[in-house]
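Residue numbers (this note's numbering), protein chains in the order written: chain B, 2 to 120; chain E, 269 to 645.
Check the hints yourself; a few may be wrong.
[What the hints assert, rightly or not] Partner residues are not named here, just some residues of chain E that face chain B (Cβ under 8 Å, in silico):
#, residue
1, Leu310
2, Ser503
3, Arg572
[Said to hold, decoys possible] No more than 25 Å apart at the CA atoms, straight line, and that leaves these computed lysine-lysine pairs for DSS-like:
#, chain 1, residue 1, chain 2, residue 2
4, B, Lys77, E, Lys404
5, B, Lys99, B, Lys77
6, B, Lys99, B, Lys6
7, E, Lys534, B, Lys77
8, E, Lys278, E, Lys336
9, E, Lys404, E, Lys278
What the hints contain is simulated information worked out from the structure, not anything from laboratory work. Treat the numbers as computed from the prediction; the structure is a model and nothing was measured. The C-beta atom is built at its ideal place from N, Cα and C for all residues, glycine as well.
Single-letter residue listing:
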Amino acid sequence: MKYTKEHEWLRVDGDLVTVGITEHAATQLGDVVFVELPEPETMVAEGDEVVVIESVKAASDILAPVDGEIVAVNEKLPDNPGLVNEDPLGAGWFFKMKLDDLSVLDDFMDEDEYNELIG
Amino acid sequence: MADLETTDLKRLALHDLHVSLGARMVPFAGYEMPVQYPMGVLKEHLHTRSAAGLFDVSHMGQVVLWPKAGMQSLMLGFEALMPVDVLGLQEGRQRYGLLTSATGGILDDLMFANRGDHLFVVVNAACKAEDIAHLKAHLSPVAEVMPIADRGLLALQGPDAEGALSRLLPGIETMRFMDVATRDWTGAELWISRSGYTGEDGFEISVPNAHLRRFADTLLAEPGVAPIGLGARDSLRLEAGLCLYGHDIDTTTSPIEAGLAWAIQKSRRTCGARSGGFPGAERILTELADGPDRCRVGLRPEGRAPMRDGTVLYNGDTEIGIITSGGFGPSVEAPIAMGYVPAALSASGTRLEGEVRGKRLPVTVCDLPFRPSTYKR
Chain B
2 MKYTKEHEWL RVDGDLVTVG ITEHAATQLG DVVFVELPEP ETMVAEGDEV VVIESVKAAS
62 DILAPVDGEI VAVNEKLPDN PGLVNEDPLG AGWFFKMKLD DLSVLDDFMD EDEYNELIG
Chain E
269 MADLETTDLK RLALHDLHVS LGARMVPFAG YEMPVQYPMG VLKEHLHTRS AAGLFDVSHM
329 GQVVLWPKAG MQSLMLGFEA LMPVDVLGLQ EGRQRYGLLT SATGGILDDL MFANRGDHLF
389 VVVNAACKAE DIAHLKAHLS PVAEVMPIAD RGLLALQGPD AEGALSRLLP GIETMRFMDV
449 ATRDWTGAEL WISRSGYTGE DGFEISVPNA HLRRFADTLL AEPGVAPIGL GARDSLRLEA
509 GLCLYGHDID TTTSPIEAGL AWAIQKSRRT CGARSGGFPG AERILTELAD GPDRCRVGLR
569 PEGRAPMRDG TVLYNGDTEI GIITSGGFGP SVEAPIAMGY VPAALSASGT RLEGEVRGKR
629 LPVTVCDLPF RPSTYKR
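Based on the provided sequences and hints, a complete structural model is requested.
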């Protein structure tokens, strides 16, 4: 598992990367009440706003952590946005991306480095 | 997730209690305030609706107006600042009031109570310095304007509020909505009103700072009572269709535009016994007679996306209004909002559009409140 400074986690499985937000981020956001997901089969670039989430408090964006193609999205989230809070590392995942170059993942934090970031 | 800027922020007397309860503290109206506890905004909201919530609203301004020459001259003097019947307020009763400007806007909204030998006023935190200056400037011939710095203010709200408070103060259950009373609790003089700002039955209790922690701890130990933060206070008042000063009402909105004509009693209206004579009377009474150009309405976004404060409203391609409060209503389980639209588009059922992140999404005008209140009248 890899982590970004924007509090996303990336789980690598072959050339597929599943993306969600960390428990820390879910707690900070508060109860999520709305999720808008991208269309599958969309090419995205690192930093693109690909998911909109609204908590009871505010709207936030989830950015594409790397260049690649969105190949799947979590269809359960729009009807059940609370999954992001209930199980951020599991059932609350947002999308799966296909990467051309897996080496870009080396730049992200591992769990220890992320835990240090959030102190 | 910006770092908390704590410089120059005032601390509540119960700051340590909030921190020990795991509150997240945020700046609000010059204070460090608990926005939520570990339960989270959604569950805190639902808990208040199903049991009881304890809110620390000590940031609000508590002011005593002490008469210099009798209650009647004080009440008439206060009445000259508001389009509200002050003189007719009986001893032991509280009423909602509005300080208006010369142009008919709203300087602040407040609660005032007739406590027999004086009036007790509770004003919004963000407005309190200006309010106190305004009251002093206009009432000094008839009243001593005394800001109360040595008391905190707690709100206990929800269906279990009566049971919890009556175990501490037997007999309190005989109070009705907007009654006020003074009660001794183990040596602490409590100023109690049966009111609040959540749409729920409940009480607001002014407590001397020296007894505040002990009183709060005792209430929190009662079954069903949980600490509730500002986040849930905001979603509760929004569901109840209540205005937040600085958002839904301000110096540019008149009481009539804001749908607060109910706060203007007959005696102050055209042909009333003490008609007019308050700042902005010309505009306010004209709008009362002829109808305002725009009105505050309830709005229901059709999808799941909340429409927040500042969302622009469209009718076809024409920009026609703006949302002033909006979010997710945990009890109605849907996004809800309030905003201003032209009177011609204010009927319930009118379909409009709100622009969210560059997309126009359907929204329907609806009646307020979103959820009926449960006051004990």
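### Message
Hint Arg572 of chain E vs chain B: min CB-CB distance below 8 Å?
### Response
5 Å, holds
Discussion item. Under 8 Å is the threshold here; is the Cβ of Leu310 of chain E close enough to any Cβ of chain B for the hint to stand?
Written reply: 4 Å, holds
Can you confirm whether the C-alpha distance between Lys77 of chain B and Lys404 of chain E stays at or below 25 Å?
It is violated: about 58 Å lies between the C-alpha atoms, which goes past 25 Å.
query: Does the structure keep Lys99 of chain B and Lys77 of chain B at a Cα separation of 25 Å or less?
result: 20 Å, holds
Given hint Lys278 of chain E paired with Lys404 of chain E - CA-CA distance at most 25 Å:
Given pair Lys404 of chain E, Lys278 of chain E holds - Cα atoms ~24 Å apart, limit 25 Å.
Item to complete: Mind checking the alpha carbons of Lys278 of chain E and Lys336 of chain E for me, to see if they're no more than 25 Å apart?
Response: 32 Å, violated
Should the hint that Ser503 of chain E touches chain B count as held when the rule is a Cβ pair under 8 Å? 6 Å, holds
Query raised in the report: Regarding the pair Lys99 of chain B and Lys6 of chain B, is the alpha-carbon distance no greater than 25 Å?
Result: 21 Å, holds
*asked:* Hinted pair, alpha-carbon criterion (25 Å max): Lys534 of chain E, Lys77 of chain B. Please report holds or violated.
replied: 54 Å, violated
In this structure, the hints that do not hold are numbers 4, 7 and 8, in rising order.
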